[in-house]
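Participant: Work out the full structure, taking the sequences as your base and the hints as a guide.
First to last, the sequence lines map onto chains A and B. Residues 1 to 353 in this note's numbering are what the first sequence spells out, letter by letter. Residues 1 to 353 in this note's numbering are what the second sequence spells out, letter by letter.
No lab work stands behind these hints: they were computed from the structure. In this text, all values refer to a predicted model and were calculated from it rather than measured experimentally. Every clue listed holds true.
In silico SDA-like links for lysine to any residue, alpha-carbon gap of 20 Å or less:
| id | chain 1 | residue 1 | chain 2 | residue 2 |
| --- | --- | --- | --- | --- |
| 1 | A | Lys29 | A | Met63 |
| 2 | A | Lys67 | B | Met63 |
| 3 | A | Lys38 | A | Ser28 |
| 4 | A | Lys67 | A | Asp57 |
| 5 | A | Lys67 | B | Ala11 |
| 6 | B | Lys67 | A | Asp57 |
| 7 | B | Lys256 | A | Ala284 |
| 8 | B | Lys256 | A | Gln85 |
| 9 | B | Lys67 | A | Ser12 |
| 10 | B | Lys67 | A | Pro58 |
| 11 | B | Lys256 | B | Met334 |
| 12 | B | Lys67 | A | Ala11 |
| 13 | B | Lys67 | A | Leu59 |
| 14 | B | Lys67 | A | Arg55 |
| 15 | A | Lys67 | A | Thr150 |
| 16 | B | Lys67 | A | Met63 |
| 17 | A | Lys29 | A | Ala60 |
| 18 | B | Lys184 | B | Ala172 |
| 19 | B | Lys67 | B | Gly318 |
| 20 | A | Lys184 | A | Ala216 |
| 21 | B | Lys256 | A | Glu81 |
| 22 | B | Lys184 | B | Arg209 |
| 23 | B | Lys184 | B | Gly342 |
| 24 | B | Lys184 | B | His214 |
| 25 | B | Lys67 | A | Tyr54 |
| 26 | B | Lys67 | A | Asp62 |
| 27 | A | Lys256 | A | Asn135 |
| 28 | A | Lys67 | B | Asp122 |
| 29 | B | Lys256 | B | Ser80 |
| 30 | B | Lys256 | B | Asn135 |
| 31 | B | Lys29 | B | Val56 |
| 32 | A | Lys145 | B | Arg55 |
| 33 | B | Lys38 | B | Glu50 |
| 34 | B | Lys67 | A | Ala60 |
| 35 | A | Lys67 | B | Arg10 |
| 36 | A | Lys67 | A | Glu320 |
| 37 | B | Lys145 | A | Ala11 |
Far from chain A by the CB rule (all over 12 Å, computed), these chain B residues:
| id | residue |
| --- | --- |
| 38 | Asp47 |
| 39 | Asn135 |
| 40 | Glu317 |
Even glycine gets a Cβ: it sits at the ideal position worked out from N, Cα and C.
Number of protein chains: 2
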Amino acid sequence: MAHRQDQQRRASIHDVASRAGVSAATVSKVMAGVTTVKPENAQRVLDAIEQLGYRVDPLASDMRRAKRRIIGAIMPEFESEFFGQMVTQLESLAEQRGYTLVAASSRESEARETEILARMHDWRVAGVVLAPVRNEHGPAAAFMKANGMTGVLIDRVLSDDAFDTVSADSAAASAEVAAQLIGKGHRHILVVGLGEQAATVRARLDGFRTTALHLAPDVRIDVVLAETDVEPLRAQLRDYFAKGERPTAVYSLFLKGTLVALSEFRRRGWHCPNDISLVGFDDAEWMQVTWPAIAAVVQPVRQIAGHAMEALFARIEGEEGPPRARLEPCRVLMRESVGSPGSGPHSGGGNRQ
Amino acid sequence: MAHRQDQQRRASIHDVASRAGVSAATVSKVMAGVTTVKPENAQRVLDAIEQLGYRVDPLASDMRRAKRRIIGAIMPEFESEFFGQMVTQLESLAEQRGYTLVAASSRESEARETEILARMHDWRVAGVVLAPVRNEHGPAAAFMKANGMTGVLIDRVLSDDAFDTVSADSAAASAEVAAQLIGKGHRHILVVGLGEQAATVRARLDGFRTTALHLAPDVRIDVVLAETDVEPLRAQLRDYFAKGERPTAVYSLFLKGTLVALSEFRRRGWHCPNDISLVGFDDAEWMQVTWPAIAAVVQPVRQIAGHAMEALFARIEGEEGPPRARLEPCRVLMRESVGSPGSGPHSGGGNRQ
DNA sequence: CAACTGCGAAAAATCGATTTACTCATTTCT
DNA sequence: AGAAATGAGTAAATCGATTTTTCGCAGTTG
Numbered sequence: 001m002a003h004r005q006d007q008q009r010r011a012s013i014h015d016v017a018s019r020a021g022v023s024a025a026t027v028s029k030v031m032a033g034v035t036t037v038k039p040e041n042a043q044r045v046l047d048a049i050e051q052l053g054y055r056v057d058p059l060a061s062d063m064r065r066a067k068r069r070i071i072g073a074i075m076p077e078f079e080s081e082f083f084g085q086m087v088t089q090l091e092s093l094a095e096q097r098g099y100t101l102v103a104a105s106s107r108e109s110e111a112r113e114t115e116i117l118a119r120m121h122d123w124r125v126a127g128v129v130l131a132p133v134r135n136e137h138g139p140a141a142a143f144m145k146a147n148g149m150t151g152v153l154i155d156r157v158l159s160d161d162a163f164d165t166v167s168a169d170s171a172a173a174s175a176e177v178a179a180q181l182i183g184k185g186h187r188h189i190l191v192v193g194l195g196e197q198a199a200t201v202r203a204r205l206d207g208f209r210t211t212a213l214h215l216a217p218d219v220r221i222d223v224v225l226a227e228t229d230v231e232p233l234r235a236q237l238r239d240y241f242a243k244g245e246r247p248t249a250v251y252s253l254f255l256k257g258t259l260v261a262l263s264e265f266r267r268r269g270w271h272c273p274n275d276i277s278l279v280g281f282d283d284a285e286w287m288q289v290t291w292p293a294i295a296a297v298v299q300p301v302r303q304i305a306g307h308a309m310e311a312l313f314a315r316i317e318g319e320e321g322p323p324r325a326r327l328e329p330c331r332v333l334m335r336e337s338v339g340s341p342g343s344g345p346h347s348g349g350g351n352r353q
Numbered sequence: 001m002a003h004r005q006d007q008q009r010r011a012s013i014h015d016v017a018s019r020a021g022v023s024a025a026t027v028s029k030v031m032a033g034v035t036t037v038k039p040e041n042a043q044r045v046l047d048a049i050e051q052l053g054y055r056v057d058p059l060a061s062d063m064r065r066a067k068r069r070i071i072g073a074i075m076p077e078f079e080s081e082f083f084g085q086m087v088t089q090l091e092s093l094a095e096q097r098g099y100t101l102v103a104a105s106s107r108e109s110e111a112r113e114t115e116i117l118a119r120m121h122d123w124r125v126a127g128v129v130l131a132p133v134r135n136e137h138g139p140a141a142a143f144m145k146a147n148g149m150t151g152v153l154i155d156r157v158l159s160d161d162a163f164d165t166v167s168a169d170s171a172a173a174s175a176e177v178a179a180q181l182i183g184k185g186h187r188h189i190l191v192v193g194l195g196e197q198a199a200t201v202r203a204r205l206d207g208f209r210t211t212a213l214h215l216a217p218d219v220r221i222d223v224v225l226a227e228t229d230v231e232p233l234r235a236q237l238r239d240y241f242a243k244g245e246r247p248t249a250v251y252s253l254f255l256k257g258t259l260v261a262l263s264e265f266r267r268r269g270w271h272c273p274n275d276i277s278l279v280g281f282d283d284a285e286w287m288q289v290t291w292p293a294i295a296a297v298v299q300p301v302r303q304i305a306g307h308a309m310e311a312l313f314a315r316i317e318g319e320e321g322p323p324r325a326r327l328e329p330c331r332v333l334m335r336e337s338v339g340s341p342g343s344g345p346h347s348g349g350g351n352r353q
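Facilitator: This is the structure in structure tokens:
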């Protein structure tokens, strides 16, 4: 079974050619499915390929073309379920079209984002799926524009004048959260978020506020927004509660905020939903096994990934026209962490079911 | 600025050469830092590079060498914190050495694992970091061996006769968990795991059992192991409890098992640690914000990634010698989900704190 | 003064596939 | 029958770098 030479040197198209007694060009044609090859020769080529275990070298194959069969993906991080699922999806979709996905993490840094982009440009990727750290106005998008790269922006973006964008419909989802909380009687709600990521956070905040005020003009909405990091947010939140503020519900605009809110509740000995209600943007597997299960807005990862790749490949294949901004609807899962204010026995044990 | 031509065609080494009035070979030498270039010429080359914004095409650059500056990484999934952090680390380490990391998810399938490996072989990657779905004896490792690939196996492996391995010291960590549970007085413990991933699960189980029996020969250890999937495990666990079994502590050998255990506790209205104690292998961010915080074994992701890459690059650079099996120590975080049996009010509402 | 040493740089080969241009045979058409 | 079209295949150019070989020329040496 030809183990020996496998370890030494891989068969090249020339090895196949000489073995089949034809030229390399003919081998290439057979592989490409060109019909102008004598069936007899084609068969000999196929046999040679089989015997030598020949496989095309994608790197050599891509050398000549301007756009290579590589898609770059840049995510702010890999540690969360959301981006993990996103990369998995994107990889699978790229693969389906015969492309290789090269994913990189910007680790929430715009500087790194641009560096990675430059590296991907060096690789002459056919296209890039960029989930920017902040929004569509960062240096990364500018770099892509300046260098004529093909790309799609996802997640923390609204719309752009150069690239297609795909993201969750944060505003609509937040509006629904607002409607539900108001419906349950909440009139003092705290919204927690990480501020300058702007794009989505603003959409979520506005969507929530507008609908809440519309349905209950007397509602009081407090907002605690931190600049960039989680720890400052924790500190601000602690201060907020230390002042004696006592909202009946908290809406966190992103996953880590939900974690922070939960840990602050714990510190103070508050329980959901009796002492306070909680809804978070972004779902996670653990949220349904804790007690209580945490209500969450579920982002449509598959849809976002699917439409992003669809748009990207359309552009790669030369589609013209103005960029399109796409919003995918979210699902709001109201779990046990949300109740009506003052309905449960305050402080103390929750004896449910 | 030079925006126009950037959009059109990237500068190649020949463009730089002609602009500097030298040959392409000289440009290559300047970039490689070869000293046998007249300073005057070197400067002109540098200027030309600057003016044209020239950057080496990594693909063309790698064409000639047998091993390309690409490292492949294959993980069972991207959705968990553990593998997310792992990929982030590996990427960062590869980058430091001027390599590009191409990560792929086998989605817990051995067939896919081998396919991906074949693709990476086509890419002529310099090396592969493989976190196999089951263990070191799967088809993927065999493929690597048969094709003379360079690689390191991590996570769900113990040791191998062909490749270096790096994983968490599951046995030692499990022994410590055993010691702590026994120390707190537990004498009826349930161990939950996903069976045929073998390598690590077996190590964890054995490590736990050996130490537990050593410290308390009268301890009763039940084991619920499912074959491959999570749902069967849930069913088995449900059956187990339905039979009236009432261990005082549960040790889950992997993250999803912890989730499943928690959700079963919820179904039955049991609370940790009053009704039952829980420790899980693998830590996650949410575990410290739930009430109670879940005790967990923390795997040393950075160490595993670091030593894996160290070993890999040593092999890439030609290091000989028998493969080494490395075990990295874990930390055991005993949080509130672990207590002493019978110390809290059984059944019903947990009015804790 | 011929032969030798070496430096610096250019020319050419190489990596592996694709693609263009071109060569012979056959057919087919007028 | 002679011209044009088609078929089947090959040699060579190309992609963008790296590496090996070769070469010119200046300065030494015998």
